[in-house]
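Chains as they are written, first to last, in our numbering: chain A, 4 to 283; chain B, 528 to 840.
Calculated directly from the structure, the hints in this document are not laboratory data.
Predicted model, so just to flag it, every value in this text is computed and none were measured.
Possibly wrong hints are sitting among the right ones.
Claimed, not checked - Partner residues aside, some chain B positions facing chain A, computed with beta carbon under 8 Å: (1) P573; (2) A590; (3) A591; (4) T761; (5) K764.
Each residue gets a CB set at the ideal place from its N, CA and C atoms; glycine is no exception.
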Amino acid sequence: MITKDEIHEILTKACIVRSHVLDMTCAAKSGHPGGSLSIAEIISTLYFYWLKLDPKNPKWEERDYFVLAKGHAAPAQYAAMAERGFFPLDYLKTLRQLGSKLQGHPDRRSLPGIEMTTGSLGQGLSVMVGMGLGLRLNKKKNRIYGVLGDGECQEGQVWEAAMAASHFKLDNLVIFVDKNQLQIDGSTKDIMNIDPLADKWASFGWQVFEVDGHNIMEIVSTLEKTEKIKGKPCVIIANTVKGKGVSFMENQLCFHGAPCTDEQLVKAKQEIKETRGKIG
Amino acid sequence: MTELAGTRDYYGKTLVELGKENPDIVVLDADLSSSTRTGWFAKEFPDRFFNAGIAEQNCIGMAAGLSLMGKIVFASSFAMFISGRPWEQIRNSIAYPRLNVKIGATHAGITVGEDGATHQALEDISIMRAIPYMNVLVPADAIETAQMVRLAAKVNGPFYIRMSRSNTPLIFKGTDYQFELGKNKVLTEGKDVTIFVCGIMVSKALEAVEELKKEKIFASVVNVSCISPIDMDTIVKMAKKTGAAVTVEEHSILGGMGSAVAEILVKHHPVPVEMLGIEGVFGESGKPDDLLTKHNLNVNGIINKVKKVLARK
Chain A
4 MITKDEIHEI LTKACIVRSH VLDMTCAAKS GHPGGSLSIA EIISTLYFYW LKLDPKNPKW
64 EERDYFVLAK GHAAPAQYAA MAERGFFPLD YLKTLRQLGS KLQGHPDRRS LPGIEMTTGS
124 LGQGLSVMVG MGLGLRLNKK KNRIYGVLGD GECQEGQVWE AAMAASHFKL DNLVIFVDKN
184 QLQIDGSTKD IMNIDPLADK WASFGWQVFE VDGHNIMEIV STLEKTEKIK GKPCVIIANT
244 VKGKGVSFME NQLCFHGAPC TDEQLVKAKQ EIKETRGKIG
Chain B
528 MTELAGTRDY YGKTLVELGK ENPDIVVLDA DLSSSTRTGW FAKEFPDRFF NAGIAEQNCI
588 GMAAGLSLMG KIVFASSFAM FISGRPWEQI RNSIAYPRLN VKIGATHAGI TVGEDGATHQ
648 ALEDISIMRA IPYMNVLVPA DAIETAQMVR LAAKVNGPFY IRMSRSNTPL IFKGTDYQFE
708 LGKNKVLTEG KDVTIFVCGI MVSKALEAVE ELKKEKIFAS VVNVSCISPI DMDTIVKMAK
768 KTGAAVTVEE HSILGGMGSA VAEILVKHHP VPVEMLGIEG VFGESGKPDD LLTKHNLNVN
828 GIINKVKKVL ARK
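Using the sequences plus the hints, can you model the full thing?
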């Protein structure tokens with residue numbers, strides 16, 4: 004059982020992650036703040052509570068594997084990794100700049116701790132399926148966690164991979180779908196409706212869970228449940244708000260792939276600071 | 528009578544040998560395992576074979592994931608479907624992260640024959656060699672195939688090995704030929720022209736050389752079986768020596784092996800070049816030999832190109 008203190012800690016980290024995401028994308032004058040903010044609680048729960056990791060030894064044999072299939076949310080992952088001690092916080096301000104280890108989308112060759120190079124949507128889950136098969140061949144008990152976007156589920160390859168994961172009975176694989184309901188061109192409902200999403204995953208043979216993607220308690224208790232599922236992969240559909248945590252960014256399409264202005268940054272960080280203050 | 532053997536047969540056979548030698552060898556296919564001969568591996572090592580079904584993009588992604596877990600992965604299907612359909616997956620999930628995945632592409636080129644244009648990969652060399660870090664190999668015969676498969680298993684990184692459906696003459700039987708990465712071997716030397724050739728056209732080029740001798744034309748033949756990384760030194764050396772070049776491939780002349788050779792010659796030692804291949808059109812159904820003849824991919828076609836380039840010298 005997660006304690007109240009631990010929940011506070013994760014919520015605080017989610018605020019810090021949000022603050023970094025805004026600073027990083029503003030410094031880079033590019034990047035994807037909206038979809039990074041929507042996964043702040045998911046990524047914080049994973050990096051500060053759930054995943055077995057050793058920041059000092061990213062290749063630790065007993066670690067859990069994490070793959071950010073929706074690679075454009077890299078700022079959130081980078082922020083969590085830096086806070087967790089994978090690399091100096093200083094790196095964060097180099098996001099997307101020439102020569103940086105923090106590429107626009109995660110790159111396993113440039114940054115230790117990134118398990119797989121991602122960003123081209125639809126490809127991450129297939130790789131996770133291969134990783135799951137490899138772990139099984141190696142008789143290893145490590146688990147694989149991933150985050151997909153809801154718009155990403157429009158890619159046919161996601162369903163090829165979904166079919167394969169249940170065909171191969173991969174119970175070492177747990178993914179979140181960050182269902183923030185917005186993609187670059189508009190709402191997923193208008194662009195290409197993916198619903199009923201839970202039914203789709205279930206019909207592909209997955210154990211499906213749904214959570215409020217900003218509720219730590221729900222995320223953690225669901226992750227605990229996934230450990231008991233045998234013979235099939237798990238998907239946690241996380242209902243989230245794009246741009247979550249900054250009032251004027253929430254559900255706003257314009258912040259999908261563009262940072263806020265310098266003025267907006269001050270305001271946004273003030274809001275996050277207030278939220279953090281309320282956590283106690 | 529020339530002895531024939533299938534490049535895909537030696538591919539399948541070598542995978543089985545490697546499987547016995549190395550428990551880390553893993554093989555994937557996309558529902559064509561009987562045709563690609565990966566089924567032979569599947570039979571011997573069912574636990575290390577995964578059929579992705581008719582889903583090449585996922586097949587490539589799974590291959591990437593397995594390689595991340597330390598496996599040496601061979602992923603196979605027809606050249607058309609394993610190079611074209613998942614091109615971006617190969618680029619972004621295998622070549623960019625430089626993972627240890629080998630793509631065994633069979634049924635390449637126009638000699639797939641009767642299945643027609645949709646199944647005849649004529650662009651795969653072009654699109655594979657455009658990808659950084661991708662090693663692109665085209666064996667001249669079954670013996671070279673086996674050597675390439677063994678080398679690919681040993682050298683960490685992505686490989687594309689392009690094979691045929693039909694059986695082809697065993698060129699290297701009884702020789703001490705040894706394939707080397709980044710090397711293009713001179714098979715025969717003559718002073719007048721160099722024929723740069725790969726794949727099933729190598730045996731035809733060697734035949735053409737014999738015919739040309741009767742007319743006192745002496746041609747060199749270079750087996751450009753390693754298209755990426757390409758052997759610049761040998762290509763330039765032979766162009767300097769002979770002063771003219773003909774490229775021959777069972778592939779589109781747009782961006783293929785001939786283009787790779789021409790790119791080097793233009794920069795380092797410009798000489799007249801004639802290119803023989805599929806002239807920027809789609810294929811069609813037909814018997815493999817009839818299709819080759821239609822596109823002048825035969826001994827006469829090579830001889831004509833040689834004469835044409837000599838006239839430009």
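We went through each hint and held it up to the structure:
| no. | hint | in the structure |
| --- | --- | --- |
| 1 | P573 | violated, 12 Å |
| 2 | A590 | holds, 6 Å |
| 3 | A591 | holds, 5 Å |
| 4 | T761 | violated, 31 Å |
| 5 | K764 | violated, 35 Å |
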